[in-house]
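Asker: Protein chains in written order, with our numbering: chain A, 1 to 229; chain B, 1 to 304.
There could be a bad hint or two in this list.
Below, computed lysine to any residue pairings styled on SDA-like, alpha-carbon distance capped at 20 Å [what the hints assert, rightly or not]:
hint	chain 1	residue 1	chain 2	residue 2
1	A	K110	B	I214
2	A	K95	B	L7
3	A	K95	A	E138
4	A	K95	B	I10
Think of the hints as simulated: they come from the structure by calculation, not from any bench.
In this text, all values refer to a predicted model and were calculated from it rather than measured experimentally.
Here is what each chain is made of, one letter per residue.
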Amino acid sequence: MIRFENVTKVYARGARPALDAIDLEVERGEFLFLVGASGSGKSTFLRLVLREERPSAGRIFVAGKELSTLSTWKVPHLRRQIGAVFQDFRLLPNKTVFENVAFALQVIGKPRHHILTTVPDTLELVGLGGKEKRLPHELSGGEQQRVAIARAFVNRPSILLADEPTGNLDPTTSVGIMRLLDRINRTGTTVVMATHDDEIVDQMRKRVVELESGQMVRDQSRGVYGSAR
Amino acid sequence: MRLQFILSEIGIGLRRNLSMAVSVILVTFVSLTFVGAAGLLQLQIGEMKDDWYDQVEVTIYLCPQDSDVPTCAGGQISDEQTEALREELDSPAMADYVEAAYYESQEEAYDAFQERFADEWWAQGLTPDQMQASFRVALVDPSQYQVVADQFTGRQGVEDVRDPRAVVEPLILVMNRLSLVAAGIAGIMLLAAVLLITTTIRLSAMSRRRETGIMRLVGASNLFIQLPFMLEGAIAATIGAVMAVAGLWFGMRYLVEDWLAQSVQFIPYVGTDEVWMIAPVLVAVAIALAAISSVVTLSRYTKV
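Build the full structure now, drawing on both the sequences and the hints.
Answerer: This is the structure in structure tokens:
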């Protein structure tokens, strides 16, 4: 589903690479934790998958397409196959829960009847049934993240990227979010989650890839957060 | 769904930046009014040229009874003198220049005058004696009028040789200058309009960065992201253009048709029809302005 072939990313000329010769393959339906200190290259990895950045060297394949040869006008279509969730939720504050999720479908031109059936289903899936008319500031942090996940998942992407989705949440709420991501993973969606949260990683027992200063120092199936040290 | 969604986005954008939208409207309004005025002046010049150059006739005014001009010292022109002039006009030597020459007697001049100013009280008091006989000389090539003028000026019995262009040409010159000034102002205003529209679009794009960020993330196409901003600029500019057309129409209707055409009658004027003629041009210019501004701005602020 995602394949990195010897990928290097250097932001500024002469600076230390953010990612250094990464080789990595993520299978369809896999759940992958990306761990490592701040600045180790986790976010760069996710940005490369979304093609918000282009690699300085190496090749990246996402959903069967090679990103470096993908023309700019095809990038939106690539992104429709990828859902993304962030630490800061990134909801639109003046739109309701329903509108926030519907927004993702409206802007890619989905017909109204499709939106009217899909959005309530997805909100039900993430456990927000009955809160369609709330505004984001009326929700708890965990609920806001659920809205963000609903928005990322409403178009049924084959890949879900999560950049520290529990970073702003307390442990109990985080567990709920992880259950949700796990459930989404079970529908066949590939999930890549960058995180600092060792408890969660240790609990879930999924594949763990650890980055350190842009280099891959560990790739462990059913791994834990900090075994390499 | 798509159209409705884009329209609502445009509405939100225009409302959020209302003062900027209004300033775009006003600047395009003023600049396009000047563009339109320059255009109308050119049309007016064209109209005048058509009217006066087509009928270019040199008029040789013959001496009336009491004239102060030296060549008229002998009083009213005699029949022999008239006959000599006619022969010369018809002579082979002048055939290269003169297409045809008509003699207009005092009575004919009187009739023509009475017909033209039938409603004027002051025309009633005139008699044929007070009118002036003349030769109307149609020219082969209107630009050669000087040759004919030189030939007949200063003859005994000829009071004056006049080319109507002598009257119109300074007027055309003034109008040409005016239209240049208008075009110059229009140019500066258009530049201001482009800069202002650019700023407006930029502000609008900045204030909706959150939305456009999410749109990019979920895979909205570039056009879909940029269209609301483009249309915002285009709508504001088009409203400005419509206002400019309305302003020119009212100016034409009340200043030219109602006032100028009544008080200075010897000139054919352009009218509201010409305003409708240039209206599409103004709207096209407005849309082009907005398009240029969008392309300049959006490629930088909402790229994938």
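Asker: Sort out whether I214 (chain B) lies within 20 Å of K110 (chain A), counting only the CA atoms.
Answerer: With a Cα-Cα distance of about 16 Å, the restraint between K110 (chain A) and I214 (chain B) holds, given a limit of 20 Å.
Asker: Are K95 (chain A) and E138 (chain A) close enough, with their CA atoms no more than 20 Å apart?
Answerer: Judged against 20 Å, a Cα distance of about 12 Å means the pair holds.
Asker: Going straight from one Cα to the other, do K95 (chain A) and L7 (chain B) come out at no more than 20 Å?
Answerer: The given pair, whose Cα atoms are some 17 Å apart, holds under the 20 Å limit.
Asker: K95 (chain A) and I10 (chain B) were given as a pair; does the straight-line alpha-carbon distance stay at or below 20 Å?
Answerer: Holds, because 16 Å separates the two Cα atoms, which is no more than 20 Å.
Of the numbered hints given earlier, the model fails none.
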